[in-house]
Amino acid sequence: AQKVTQAQTEISVVEKEDVTLDCVYETRDTTYYLFWYKQPPSGELVFLIRRNSFDEQNEISGRYSWNFQKSTSSFNFTITASQVVDSAVYFCALSDPYNNNDMRFGAGTRLTVKP
Amino acid sequence: EAQVTQNPRYLITVTGKKLTVTCSQNMNHEYMSWYRQDPGLGLRQIYYSMNVEVTDKGDVPEGYKVSRKEKRNFPLILESPSPNQTSLYFCASSEYNEQFFGPGTRLTVL
Chain A
4 AQKVTQAQTE
14 ISVVEKEDVT
24 LDCVYETRDT
34 TYYLFWYKQP
44 PSGELVFLIR
54 RNSFDEQNEI
64 SGRYSWNFQK
74 STSSFNFTIT
84 ASQVVDSAVY
94 FCALSDPYNN
104 NDMRFGAGTR
114 LTVKP
Chain B
454 EAQVTQNPRY
464 LITVTGKKLT
474 VTCSQNMNHE
484 YMSWYRQDPG
494 LGLRQIYYSM
504 NVEVTDKGDV
514 PEGYKVSRKE
524 KRNFPLILES
534 PSPNQTSLYF
544 CASSEYNEQF
554 FGPGTRLTVL
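Chains as they are written, first to last, in the numbering used here: chain A, 4 to 118; chain B, 454 to 563.
There's no promise every hint is true.
One-sided excerpt, in silico: chain B residues whose CB lies under 10 angstroms from chain A [stated by the list, open to error]:
1) R462
2) Y517
3) F543
4) R559
Keep in mind the hints are simulated off the structure, nothing from the lab. Here the structure is a predicted model, which means the values were calculated and not measured. Quick reminder that beta carbons are idealized off the backbone N, C-alpha and C, glycines included.
Using the sequences and the hints, build the whole thing.
Here it is, written out as structure tokens:
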């Protein structure tokens with residue numbers, strides 16, 4: 004069975020601090036996709052990244068970076084120099100590439116960035 | 454513009470009054486899903502559909518129905534809503550493992 008664990012329920016930081024959101028996953032599949040979504044206070048889900056299980060390269064996009072480690076089944080997300088606009092709930096998700104509908108989400112981490 | 458639309462966006466209703474939340478996508482995707490989001494539980498899949506007239510249960514299907522008569526539409530039906538169905542609902546369509554989510558429907562059942 005597929006499972007995603009986001010152990011951090013809530014994180015609070017002060018603006019300009021770096022923050023890492025943890026994501027640990029479980030799957031028996033050798034091929035899978037991992038995702039991160041942002042849910043701002045307005046409620047919509049904003050796609051951030053999709054990573055194929057065969058691509059372990061870390062990714063950087065502006066202040067965002069992702070560390071994918073198959074050895075520890077983790078796909079952690081780091082925000083560098085956090086800003087108030089980063090305040091949101093962040094979800095990590097795992098999907099089966101052979102079944103578009105089998106997508107499992109973590110419980111989410113609420114990030115609050117204080118000015 | 455590629456998008457998934459849901460209506461209504463907000464709904465307050467009473468126990469037992471049947472309601473339908475509509476979902477429509479303009480990307481000609483075969484796969485569509487419904488999720489509910491609850492605090493501390495993330496998003497959980499209610500039902501999904503792999504094509505017209507093909508639907509199946511997700512993880513939390515009790516109390517819900519769906520239909521897929523046309524490729525673009527995938528309505529979620531609550532025949533007799535109860536307070537435990539108060540939640541934020543998302544419709545999604547997908548292809549090649551890229552999920553497109555609707556804006557969400559916040560439902561309150563009193």
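Status of each hint after checking the structure:
1. R462: OK, holds: R462/B within 10 angstroms of chain A, min 9 angstroms.
2. Y517: 15 angstroms, violated
3. F543: With a minimum Cβ separation of about 7 angstroms from chain A (threshold 10 angstroms), the hint on F543/B holds.
4. R559: 7 angstroms, holds
Checked against the numbered hints given earlier, this structure breaks only hint 2.
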